[in-house]
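Participant: For reference, the chains in residue letters:
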Amino acid sequence: MDENNQRWMKGDGLYVLIAQVVALALFLFLWEWASRERIIDPIFIGQPTKIFAYLYNGTLVDPILFREAFWTLAATGAAFFLGIVAGILFGLLFVVWPVSEKFFDPLFSGLNALPRIALAPLFLLWFGLGLGSKIALGFSLTFFIILNNTIAGARSVDTDWIVLSRMLGANKATTFFKVTLISAVPTIFSGLRLGLIYALLGVIASEIIAAQRGLGQLLTYLAGTFDTNGVFAVLFFLAIMSVILMKFMSWIEARLLRWR
Amino acid sequence: MPHEYEVRNEESVLSENMETVAAPLSGGGGTAKPEDAHGAIDIKAVTHEFPGNVLAVSDANLRVRGGEFVSIVGPSGCGKTTLLNLLAGLIDVQTGSISLAGSPPKAGRHDVAYMLARDCLFPWRTALSNATLGGEFRGVPKKERVQRARDMLRKVGLSGFENNYPKALSHGMRQRVALARTFSLSSSILLMDEPFGALDAQTKLQLEDVLLDLWTEERRTVVFITHDLNEAVTLSDRVIVMSARPGRIIKDIPIPLERPRSARALQKDPLYHEIYAEVWTWLEQGLNGGDDG
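Same order as they appear, the protein sequences are chains A and B.
For reference, each letter of the first sequence is one residue, going 1 to 260 in this note's numbering.
For reference, each letter of the second sequence is one residue, going 261 to 553 in this note's numbering.
Derived by calculation from the structure, the hints in this document are not laboratory data.
Among the clues, some could well be false.
Below 20 Å or equal to it, Euclidean Cα-Cα: the simulated EDC-like pairs (lysine to aspartate or glutamate) are [unchecked claim]: (1) A:K172 <-> B:E396; (2) B:K427 <-> A:E101; (3) B:K528 <-> B:D469; (4) A:K178 <-> B:E534; (5) B:K366 <-> B:D352; (6) A:K172 <-> B:D352.
Hey, can you work out the whole structure from these sequences and the hints?
Facilitator: This is the structure:
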């Protein structure tokens, strides 16, 4: 790309940013206006200034959003971690010992096909309203994503690499750990990013259904009391939290896979 | 002058060859070496068939002396790579016998190194780390293998690139790393399957010179598969011509060019072109199945 093109691209980027800011400002203005003038009932759409007031109070004055986010993130982290460990272990087991995949196939196919949210009542019964049920639901969603990516990654290893390793004198274990496993890392990582989103999804869903603490529980409470501004504030907070989590994963990926 | 090779399935062809090539390897080529069992390869009456009655190699006989550089050329699908994979132990011998330095082929033997057409560098390893790979897999002490790999990277012209990942290297540089990885091993036998097949003409010439330098310095036994007749003539002590499938060895041509050689300098040598023309003639016969050879 020549210098002129780069300049144009930079110029385009700036114009797009200005257009985005203007569009957002216009949208918020119209939203505020429609709400204030009761063109649409604020019970349904809230009011931007009040939403930001809730966000300000909920983060800086009485940080309820951070307190509840702690429980949500703790459950998400635990579900994600367990999903990674189990997903990668089972994935590698299936690759190394294909008979085990055949053995587990009916169970895992059935569970994977099941809408996992439907398991929430059972998890609540088993693990109660605390962290346990949320972790279980988050795990049930994350596990299969990481399992499938681990299998796909480990099975897509370049056959020439395997031949070369064999010729260089590597035994099966060395080939597995130093070639197959490492070559699967990029595919596993794309599963991790998706798995984290699904872990959060499972935890929030579990909290919405029933929980003592967490952003999902707060969301249900606010919706139940018709505090629409609070609901929008929590949603906005969740969106920011998710973006930060994704950025964090991308940062780890960039560091670990800098050879790509 | 007696030759030290045998091509038993086409004895008449071989005797004709002995007459037509004026200066055989052990003569004026400047590469005279004593018969050396170390690194010698013996292929006796090898026939290989793939499932579906696909006869890939038919009654191949070949003897390669220790320290000799032998290229195998032939039409696509003639069984060159099958023959190399049999030597490497990647395919089991069905009929006939093969011995490398007196023992049968086995993948992972420490006295055999193998180089593929693709560089096959691991993208997660630096150039140095890729070059040390064989030593690492074969349990060579770290200090020793790193020193050897550094030395080889220097010889292939990659000093200063040791810490670069493959993504930051050009195609030619990557193949140089693969060459360094292969030569970092102290294997006496090198099996090379079109290692420069995917390179542009200029890079290929450069790497041929690098390979010639490395081989001249270490004199290992090399079996080199190639489609490129220029390459075969430039590098080899002998060129083996195979016929179209089923692959049979139809000609064994000694290359009486002086060593040390330079791939670029040889382009101006009339003898080089003469040999090239002869190899080409035999290859053309090979394309027709070699029946008239």
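Participant: For each hint, tell me whether it holds in the structure or not.
Facilitator: Consistency of the hints with the structure:
For the hint linking A:K172 to B:E396, the alpha-carbon distance of about 14 Å falls within 20 Å, and the restraint holds. Among the hinted pairs, B:K427 with A:E101 is inconsistent with the structure: their alpha-carbon atoms are about 35 Å apart, more than 20 Å. Among the hinted pairs, B:K528 with B:D469 is consistent with the structure: their alpha-carbon atoms are about 15 Å apart, no more than 20 Å. Between A:K178 and B:E534 the alpha-carbon distance is near 48 Å, which puts this suggested pair outside the 20 Å criterion.
Only pairs whose Cα atoms come within 20 Å are accepted, and B:K366 paired with B:D352 is accepted, the gap being roughly 9 Å. A threshold of 20 Å between alpha carbons decides the hint, and for A:K172 with B:D352 the separation of about 19 Å falls inside it, so the pair holds.
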